[in-house]
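The lines below spell out each chain.
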Amino acid sequence: MTLSIDQKAVVWKNVWTLAEQKGNKLHPVSYELLGRGRKLADDRKCLLCTVVIGNQIDPKDLQELIERGTDRLYVIDDSKLKNFLVEPFSNVLVFLINKYHPEIIIAAATTTGRTIMPYVAAQIRAGLTADCTDLEIEPDTGLLLQTRPAIGGNIMATIKTPDARPQMTTVRPKSTRIPVRQSGRKGEIINVNLPEGKLDSRIIFECFIPDETGRSSIEDADVIIAGGAGVKTADGFDIIEELAKRLHGAVGASRLCVDHGWQPYSRQVGLSGKTVSPRLYVACGISGAIQHLAGIHTAESIIAINTDPNAPIFQLADLGIVGNLFDILPEVIEQLDQD
Amino acid sequence: MKFIVPIKQVPETSKVKMDPVTGTMIRTGVEAIINPLDLYAIETAIRLKEQLGGSIIIISMGPMQAMKAIREAIAMGCDDGVLLSDRAFGGADTWATAYTLSLAVRKLGEADLILCGERATDGDTGQVGPGLAAMLDLPIITYVAKIESIGHEMLRAERLVEGGREIVSLKTPVVMTVVKEIGVPRLPTLRGILRSKKTEIKVWGPADICADVSLTGLKGSPTRVVRIHHPQVTRKGEQIVIKEPQDVEKAANSIMAFMKQRNIP
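Going down the list, the protein sequences come from chains A and B. For the first sequence, numbering that gives the first Met the number 0 gives the first residue as 0, with consecutive numbering after it. For the second sequence, numbering that gives the first Met the number 0 gives the first residue as 0, with consecutive numbering after it.
Quick caveat, the hints were computed from the structure, so don't treat them as lab data. Some hints here could point you the wrong way.
To be verified - Straight-line C-alpha distance at most 16 Å; calculated EDC-like pairs for lysine to aspartate or glutamate:
no.	chain 1	residue 1	chain 2	residue 2
1	B	1	B	111
2	B	145	A	205
3	B	242	A	307
4	B	249	A	205
5	B	48	B	79
6	A	231	A	333
7	B	235	A	317
If you're wondering where the values come from, they're calculated on a predicted model, not measured in any experiment.
Generate the whole structure from the sequences, applying the supplied hints.
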């Protein structure tokens, strides 16, 4: 490995977040990260900066980033950055790191964040910790303490990076609230010019095919209504869909439902599917195998409906209903309609 | 075509039971298996080999016991295996793992496709695949759900991303991480098992791959685990048991109140 800079020879300063663009708007997770970043920047008495890589970035979004807590923006706007491609995006981030030397970088644990961060960390020999649930500064050393679940959420490991810089981390979408907007807050915007060749990509982006439902994905949803074996058939999911629709939520499924073809894999929650952190997770007819529970540990609140009073899912539920989901969900829907 | 599939041996978490008192995992007697998500990478490689010809080399870093995982992969239909095993590799984080694997891949020479699982079920980071690609200076396509077409060095793949799918194309060589949707992993065949027993699996240490041992294992890892704790998994709240038909309404009332309290939606 040959590194482009001597890490010990430079002063690493400031906390960075990495914004994400989706279409012509910033993904909401870009604002969530500011909550995490602001706290760390205040503790380190440094600036919170945000890197925005994209195309035709809306100036209103940049202003919103500032009003929600960032002090400085590094903006790289180019038609070649319209869609996420690992090489140009990584080249941009490596270039910025080598130029400005951030001490900490926080990105979202999205498919984009989880691709670009390790690709960059490998190149610059940075410490990277995935899917952190807690970030804090160690008082004595000023180092970033990163706490994350491992082995399916059965253990929590706290990790730090003593020497390598920057200290890089990803955090799950929906795991932090978007900070309150302070209208009129001021910040600095730096439009960065790149040297030639940084935006070349061996991968060609052909197209994006959105999910046919138009419903929000389980990674992005505030509310997830999930079904398991107790739903019994593909048609059984109609009632789950109904409730999800009323709560502006997404539909999730246990592995069994996906293996039976009742639901697509993109909706599978758990160890071999997605880990989710919604504000509310409603588990319907899900017994709660350890692999499923691994995917919902970081949900803010959980309601479980199951006919088996001994189902493990009740161990993790804030509200448990021992009963048939086909009795209860229609009643909930009716009450929501009356509201 | 030459395929390389890096795999990891992990504890079989699906058989792990929870201690009902402490709420922690009971790990004694837990079997070591191929990371379940790596099986999809192995399956993909075997399907592509059946279609295009070529050979599949499995590599794994770990203790000598990981030999078993490599043999299992060969029994499924892979051709060769290399185990990276040495004290100097122990305690590696994802950076040091990617570094060590990248040297082994370089030594094996010019692979067309390097196929990885999305992540391992124990560490759960998903960082080694992209890290490996970066160290090999290869592009990476993550979260591949389908290989639409492959041939004449061109490859078209479908990525599963938030809210939909992305179609991308490129010229091989490339590193890919695949997701479950790509296909159901096959079981080892009896003939495969017999063949895997006869296959000589190379064991490489740092000298074999010309590794700088200050960059491997714990010593070469930028990150350090400073504390491990077992979270209380239970948050058992109120429970309502439906016995009579009229209890249904009460249960629904509780759900409504629960949501109102939290301003949902």
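Quick one, are residue 249(B) and residue 205(A) close enough, alpha carbons at most 16 Å?
-> Violated, at about 52 Å.
Would the pair residue 48(B) and residue 79(B) pass a check requiring their Cα atoms to be no farther apart than 16 Å?
-> holds (13 Å)
Straight-line Cα separation of residue 145(B) and residue 205(A) no greater than 16 Å?
-> Since the Cα atoms of residue 145(B) and residue 205(A) sit roughly 14 Å apart, the hinted pair holds (cutoff 16 Å).
Taking 16 Å as the top limit, are the C-alpha atoms of residue 231(A) and residue 333(A) close enough?
-> violated (22 Å)
Between residue 242(B) and residue 307(A), is the straight-line Cα distance small enough, at 16 Å or below?
-> holds (13 Å)
Compare the distance between the alpha carbons of residue 1(B) and residue 111(B) with 16 Å, and conclude whether the hinted pair is satisfied.
-> holds (5 Å)
For the pair supplied as a hint, residue 235(B) and residue 317(A), is the alpha-carbon distance within the 16 Å limit?
-> At roughly 6 Å apart (the allowed maximum being 16 Å), residue 317(A) and residue 235(B) satisfy the hint.
When held up to the earlier numbered hints, the structure conflicts with 4, 6 and fits the remainder.
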